[in-house]
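Participant: Listed below, chain by chain, are the residues.
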Amino acid sequence: MAAQLGKWTIMLDGTSLPERSYIGGKAWSIARMRALGLPVPPAFVVTTDACRAFLEDSELPAGLTDELAHGMAALEVATGRKFGATTQPLLVAVRSGSAISMPGMMDTVLNLGITKAVQTALGEESSDVLFAAATHRRFREMYARIVLRAPPGADGQAIPDAEDIPSDPHDQLAAAVRAVFESWNSRRAKRYRGHHDIPDDMGTAVTIQAMVFGNLGARSGTGVLFSRNPLSGAPTPFGEYLATAQGEDLVSGSVTPLPLDALHTDMPEIHERLIAAAKLLEAENGDVQDIEFTVQQGELFLLQSRAAKRAPEAALRIAVDMAHDETITRDEALRRVNAEQVRALLCPKLRPGAADDAELLARGEAACQGVGAGLVVLDADTAEAEAAKGRDVILVRPTTSPEDVHGMLVARAVVTASGGATSHAAVVSRQLGLPCVVGCGDAILQSLAGSQVTVDGGSGSIFQGILAVDTPDERDDPRLIEFGAWAVDASPLTVFRSGEQPAGDILDLDHAPGGELVENLPELFKNTKAASGRALLSDAGVAAAVQAGLEFIVLPQTVPALLAACAAARENERM
Amino acid sequence: MNELHLVLHGVAIKKHGSAQAVADITGLKEETVAELLKQALEKGRVAEANSAYMLTPAARMALDGEYSRVYAELRGDASFAAAYDIFEAVNRDLKQVMTNWQTVEIAGKCVANDHADKDYDAAIIDRLGDFHERAEDMLDSLIAALPRISIYKDKLLSALEKAEDGEAEWVSAVKIDSYHTVWFELHEDLLRILGRQREE
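These protein sequence lines map, in sequence, to chains L and F.
Just so we're aligned: the first sequence equals residues 5 to 579 in the numbering used here.
Just so we're aligned: the second sequence equals residues 130 to 329 in the numbering used here.
Watch out, some of these pointers could steer you wrong.
[What the hints assert, rightly or not] Here chain L is said to cover these stretches of chain F; the calculated rule only asks that three of the stretch's residues, wherever they fall, bring their Cβ under 8 Å from a Cβ of chain L: (1) 226-239; (2) 242-253; (3) 288-301.
To be clear, the hints were calculated from the coordinates, so they are not data collected in a lab.
For glycine and all other residues, C-beta sits at the position ideal for the given N, C-alpha and C.
The following block holds chain L by itself, in its conformation from the complex (with noise of 0.2 Å):
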């Protein structure tokens, strides 16, 4: 095999395509890519052969540091660069990798071969000193979490002791290929492995990739390309691109990234390059890819291609046209939306033009979205006395705690004074499906008393008044009344929209003792043949009726339960 560096090692030239349990996901990705001819950045891997020897004996193999320096002098010739080197230092990433992706593995360590010497020489080749030293400060940092595991100081991060960290790039090298096969039996890994069945002699492997930098130079950038548009699920390429600038600027939002025309005008024949590939990808893949790329000195790489996150109004409409263009079957297609998705397409929504005329009282961070209106109210215990007697209210506070979930739990919607996105009202409204709206500043406080107000939790305001609310129905959007027809012949279920269900006994379980908790229905689908009630619209509710055999359920809208129910019957076939 041309790709065999030695006994441990492979290099990843897509020569050969080796299995998956002998060289990990992440490794078998980087092959397949350079198979189909895409650019990715040389990598090689150390096979789980190798992991295994270490755990049997608690050593690196006999031969493996060798081979470990052919491996990055292979890297040096593909890259044209130099681990260690005080001119156009090569740097690599570190990362786990084994055929089953589990929890406690150790993470990626990026930017490995980076010293003090390197620093100076990386400063002066991207004519930026800032970036050189915060290469060096966050190789620090990951080698001491991931490498050491230094325990966390004051400011919350690993603390890098200088003398543990080795100056050698190569002894860098070995100590964190050490550290991976270490993580194999970590103690999340090794009891994973054991709740799963999964055997511990499967073993991980080690890909080391070289880095490329996309701020190296006017012809250099990053940036993200998705095959269709993930929001509304057009399908037409999206994406954003930065000029001279590396992946962390995009994923830290510190500068705000141009529309993928840039890369266009720039340069043009690495954008259609670029698009070719995320076509190859997605017909490869048979799905909307999410592709990582940077661009260094006039060369395009593509870092990483999977699967692209989507909106709830993208995943509708990507499998609905990827069904018709016979992509994937309908049964798949049902597989790529999952009920959330569909229960976020009908969640209600301010009616166009209500808010026009309403006097916006407030505005916060947008925290959950969903519309909510009632009684401002104060503390939690009001909340719940106000809510018992049937009144809808709105629980401002001005930081929520856990004393304060009670009253959560009966609001229509939450707002807090301070804040942010990650406070605890956000956190647990969201858990709850429930309208929130943070940091809106201490004044609400006495502002908002007592009045009856609206929440948009969408767009972050409160408004003076109850306003008009929409809830969108299933059968006014077209794709979702196709969609929802192949539900119907793939769910053990059947689904009755409220008001066109049969005549006969229906279980109503907001009128059942215990009817709201899914824990309770198991015992009270005993001797039911349909039901109706709020718990029903849970995954979990719809699963425990198709588990109970139910003929059918009835529910204002169907094709969330139709799903949910597709999915619960999936979910047994597999056990």
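Once you have looked at the hints, place chain F on chain L.
Facilitator: Leaving out everything else, chain F in the frame of chain L:
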């Protein structure tokens, strides 16, 4: 330590909790908690509804006034204070993990995580596990000074392991002892012990 204080403290944290929930979080025996809650109910210190308890406003003020005396020694313990500082620092990371669990950024737009992407979810649960491991030394320092904190540590690990085993609700669901629920209760406990205010 005064058991009644601990019970009322437990009620403050597990607001609307049952005697069992209070016993669970304080490490006291359920019979002891039930008995003390009965007495507290008679004296008007707690109110009860459907076997769930809450402090009355007067008892709440009295409780808040007791912490400085009950935890006087702990408030002067430098190692406890240092561990608490680390708690506050890593608390930001935990909140970020929770936010990434619930929301995802799609092409620059923040949308709810619909949990359709199993790989994404697995990666976040892995991050939570990594977070837990990094927090362990800090938790052990807290436990060394106040042994009952080990209850939280055990509950955190239990929630993490359930999430790892595929029961995703144990990451942040509200009505169960999910990782987020327990972490926040621990936070509340520490704030009360040290007489600090929550900062968002």
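Participant: Each of the hints needs a verdict: does it hold here or not?
Facilitator: Hints versus structure:
no. : hint    : in the structure
1   : 226-239 : holds (count 10)
2   : 242-253 : holds (count 7)
3   : 288-301 : holds (count 4)
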